[in-house]
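For chain Z, the structure is supplied; the task is to place chain D on it using the hints.
Quick note, the sequences are listed as chains Z and D, same order.
Just so we're aligned, residue 1 is where the first sequence starts under the UniProt record's numbering, counting upward by one.
Just so we're aligned, residue 1 is where the second sequence starts under the UniProt record's numbering, counting upward by one.
Treat the hints with care, since some could be wrong.
Since the list can't tell identical chains apart, any single copy or any two copies may satisfy a pair.
As the list claims (entries may be wrong) - When the alpha-carbon atoms are kept at most 30 Å apart in a straight line, the in silico DSSO-like pairs for lysine-lysine are as follows:
1. Lys330 - Lys140
2. Lys281 - Lys142
3. Lys14 - Lys203
4. Lys142 - Lys3
5. Lys66 - Lys21
6. Lys40 - Lys207
7. Lys197 - Lys281
8. Lys187 - Lys66
9. Lys86 - Lys330
10. Lys203 - Lys80
11. Lys281 - Lys140
12. Lys185 - Lys38
13. Lys86 - Lys140
14. Lys142 - Lys207
It should be emphasised that the hints constitute simulated quantities derived from the structure, not laboratory data.
There are 2 protein chains.
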Amino acid sequence: MNKVILLNARPVGKPVSSDFKFIEEAMPVANEGQVLLKTKYVSVDPYLRGRMNDSESYIPPFELNKPMASGVVAEVVESKLPGFEKGDFVTGVLDWKEYQAHNGQGLMKVDPNAADLSAYLGILGMTGLTAYCGLMEIGKPKAGETIVVSGAAGAVGSVVGQIGKILGCRVVGIAGTDEKVEMLKSKFHFDEAINYKTTTDLKAAVKAACPTGVDVYFDNVGAAISDAVLANINRYARIPVCGAISLYNATTPDLGPRIQPTMVIKSALMQGFIVSAFAAKFPEAIAQMSTWLKEGKLSYAETVVEGFDQIPQAFMDLFEGKNEGKMIVKV
Amino acid sequence: MNKVILLNARPVGKPVSSDFKFIEEAMPVANEGQVLLKTKYVSVDPYLRGRMNDSESYIPPFELNKPMASGVVAEVVESKLPGFEKGDFVTGVLDWKEYQAHNGQGLMKVDPNAADLSAYLGILGMTGLTAYCGLMEIGKPKAGETIVVSGAAGAVGSVVGQIGKILGCRVVGIAGTDEKVEMLKSKFHFDEAINYKTTTDLKAAVKAACPTGVDVYFDNVGAAISDAVLANINRYARIPVCGAISLYNATTPDLGPRIQPTMVIKSALMQGFIVSAFAAKFPEAIAQMSTWLKEGKLSYAETVVEGFDQIPQAFMDLFEGKNEGKMIVKV
Chain Z
1 MNKVILLNAR PVGKPVSSDF KFIEEAMPVA NEGQVLLKTK YVSVDPYLRG RMNDSESYIP
61 PFELNKPMAS GVVAEVVESK LPGFEKGDFV TGVLDWKEYQ AHNGQGLMKV DPNAADLSAY
121 LGILGMTGLT AYCGLMEIGK PKAGETIVVS GAAGAVGSVV GQIGKILGCR VVGIAGTDEK
181 VEMLKSKFHF DEAINYKTTT DLKAAVKAAC PTGVDVYFDN VGAAISDAVL ANINRYARIP
241 VCGAISLYNA TTPDLGPRIQ PTMVIKSALM QGFIVSAFAA KFPEAIAQMS TWLKEGKLSY
301 AETVVEGFDQ IPQAFMDLFE GKNEGKMIVK V
Chain D
1 MNKVILLNAR PVGKPVSSDF KFIEEAMPVA NEGQVLLKTK YVSVDPYLRG RMNDSESYIP
61 PFELNKPMAS GVVAEVVESK LPGFEKGDFV TGVLDWKEYQ AHNGQGLMKV DPNAADLSAY
121 LGILGMTGLT AYCGLMEIGK PKAGETIVVS GAAGAVGSVV GQIGKILGCR VVGIAGTDEK
181 VEMLKSKFHF DEAINYKTTT DLKAAVKAAC PTGVDVYFDN VGAAISDAVL ANINRYARIP
241 VCGAISLYNA TTPDLGPRIQ PTMVIKSALM QGFIVSAFAA KFPEAIAQMS TWLKEGKLSY
301 AETVVEGFDQ IPQAFMDLFE GKNEGKMIVK V
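Isolated chain Z (complex conformation):
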C-alpha cells in the first residue's frame, strides 16, 4: 500500500495535526507516457500555509481531502516516458505520497553527484532562487551598503546574508534563538546578529548594529520585527518582502504603525514578490550560486527530519522556529 497525506481541515491560526490525514491507497503504476516516482526528500515551506486557506492567492489553494504537495526530490523507479530512465533523480512540485505516477511535466532532472540531493530543494532550488532574485532584483545592494535580514537563520535568510557579504555589504541578521544568532555569525559570517526574543528595544538594537542605517531590508517575517527595522531605514531604502511568516497564521488583522509616512520621508521602495516572477533570471542565478558553492563562498544549513510520517510535524515546526536553515524531510 502507498501512504498519502491529505488536507483534512483548513487551519484556523496555526496548523495542527488534525488538519492533516494519513490514508493508504493502492500502489500506483506507471502507464505509457509516465514515470513512477519514489519520494526521497520533501521540502516543507511557510508559503504552504497560504495554500491551506480557501482564499485566492498567487497559487490555487489545496483542496480538502486531496493530497498536500510541495517541492520534492524523487527517484525514477520505473519509466515509460522517453527522456527519463530508472535511477534518474528529479525535482518538482509533487504530492505528499510515497510513490506517484507522473507525466513528466514540470519535472527537472538533477545530478546527485554535483550536490547533495536535498540541496535541490534549498540553496539550488526554490529557497536559494528566492534569496538570490529577491535580493538582486529588488534589493539591488551596492558594496558598502547595509543589509538587514529578518528570519535570517531560515533557508532564504541565510542565503540572502551570505550573498550580501559576497557583494561587499555589511549584513545584520535577526533571528529567534541564541544558537541561531551564533550560527549566523560563525557559519554564515554575518557582521552582526540580533536575537529578537531576548532584545527589549529592537529598534535601538538595529540602530546600534547598523551605524550608517539600513539600505536594504530583506523581510521574511513582517510584524513588530519589521517595524523596528523600518524605523532605521535610509533614504532610498529597498525592502523586498519575501514572506510574512509571523502573520500567516493570524486570524485577525495584525496591527502596527502605518508605514506610509516613513515611505514618503525616506523615498523608500517596498515590493512583495514570489520567486516565479523572476523565472527569466533562474539560469543566471543557478549558475552563479553553483559557482559560489564550489568556491566555498556559500554554505547552507538544513534541518533534516526523517520519515514520511513526520512531514506534517516538520511543517508545523516551521512556525515555532525549530528549523535552522532549510527544513527537509528525508523519506
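Chain D alone, transformed into the frame defined by chain Z:
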C-alpha cells in the same frame, strides 16, 4: 514697512495660529547682483507641515523665529541683476515676505500670457509635476487599468485622475465632501468618486467602484482610506505614496493592519517619493502637461484666498480639507 511671517513655535499635532508670528521689518533694498521681488501668489502645501518639525526629513526643517517659505510667484520691481528686468514674473521657493531681495539663484522666469500666474504654483509647478512623475514613473498605468486616487480633489490628486483618463484608464477618486465628489465627476471626468466621510464600508465601496480591482493606487493620505484600497489591489499593483496628509499631524504612531502579507500575496510595489527625485523628467512633464492644457484635456481647480495675512490660515485649512484643488494665497 515690510510684513514677514515667522515660525513662532513647532506645532504639536495640527498647526495653530500661535505657531506663526507676524512681524514688520524695514523695506528690503536690491543690492548689486540682486532683484527686489514683490510677492504675488503664495503656495501653501501639506508637505510644509513636515518642515515645521525639528526632525530630519528630505528637506531641512524651518528654523524658529525665521521666516516660513514656500513656492511663490513674484514680480520683479527692481533689478540690479543681469537677465532680470522690472516687470518680469518669477517662481521659486521664497520667504513669506511681502517684499524680498534675491540673488536669482533658483528663480525661474514665467510667462504671464501663456498661463495664469497661479498655474505656475500648481499644474505647471510642483503639484502638477508631482502628479505626472509619480503616476508615470512609479504607477506606470496601462490603458484599461484601474487607478484609484486618494485626496483626489486636491491639487495633486485631481491632476493624477485626469492624466489617468487621458491614458485610457478607469479612474476612481476618494474625497471628503459631496461637493468634491461632484467636482471630480463633472469637472475632472473621473469615472467614479467616493465620499469617504459618508461611506460606512469604504472597502466595499472601492470594490464596487473597481469591478476589475485596483492596478494603481496613488496615495495622498495614508491611514484607513489606504487600508480600504489596499484590500482591493490586484496582483502586481503599483502604489506611489505621494503623501500622508492624514498622518502629518499625528503625535503618536497611527496603527493599522500591517500590509506585508498583502504585499507578498499580490506581488505589489509601494514606493514613496518626492518630486525632486524625478528632476530629469521635468522638461518632458512640463511640455506634455502644457500641451494637454492647450488642448483642453486638462483642467485644474484652485482655491484662492486673498491677502498676505491669510497665509497661515490657508495653510491650516489644508488639514481641514477646505480646499478644492490647489490652495493659493493671492497677495
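Practice problem: If the cutoff is 30 Å on CA atoms, where do Lys330 and Lys140 land: within, between, both or neither? Let me know, please. | Solution: Neither, since 35 Å and 46 Å both go past 30 Å.
Quiz item: From the Cα coordinates, with 30 Å as the cut-off, is the pair Lys86 and Lys330 best called within, between, both, or neither?
Solution: Answer is within: at 20 Å inside a copy they meet the 30 Å cutoff, but 84 Å across does not.
Quiz item: Checking Lys197 and Lys281: alpha-carbon separation at most 30 Å within a copy, between copies, both or neither?
Solution: Cα proximity of Lys197 and Lys281: none, with 36 Å in one copy and 46 Å across.
Quiz item: When no copy is named, should Lys187 and Lys66 be tagged within, between, both, or neither for a Cα gap of at most 30 Å?
Solution: Close neither inside one copy (40 Å) nor across copies (55 Å); limit 30 Å.
Practice problem: Up to 30 Å between alpha-carbons, please classify Lys142 paired with Lys207: within, between, both or neither. | Solution: within (20 Å within a copy, 40 Å between copies)
Quiz item: How would you label the pair Lys66, Lys21 (within, between, both, or neither) given a Cα cut-off of 30 Å?
Solution: Answer is within; shortest intra-copy Cα gap is 10 Å, inter-copy 72 Å.
Quiz item: Which holds for Lys185 with Lys38 at a C-alpha limit of 30 Å: within a copy, between copies, both or neither?
Solution: So Lys185 and Lys38 fail the 30 Å test inside a copy (38 Å) and across (63 Å) alike.
Exercise. At 30 Å max between alpha carbons, let me know whether Lys203 reaches Lys80 within a copy, between copies, both or neither.
Key: neither (59 Å within a copy, 53 Å between copies)
Quiz prompt | Alpha-carbon proximity context of Lys281 and Lys142, limit 30 Å | solution = Intra 19 Å, inter 25 Å, cutoff 30 Å: intra and inter.
Quiz prompt | Status of Lys207 relative to Lys40 across identical chains (alpha carbons, at most 30 Å) | solution = The answer is neither: 44 Å in one copy and 46 Å across copies each exceed 30 Å.
Quiz item: Taking 30 Å as the upper bound on the Cα-Cα distance, should Lys14 and Lys203 be classified as within, between, both, or neither?
Solution: both (27 Å within a copy, 27 Å between copies)
Quiz item: Given a CA cutoff of 30 Å, do Lys281 and Lys140 count as a within-copy pair, a between-copy pair, both, or neither?
Solution: Both, since 14 Å and 23 Å are each at most 30 Å.
Figure legend: structure checked against the earlier numbered hints; hints not met, in rising order: 1, 4, 6, 7, 8, 10, 12 and 13.
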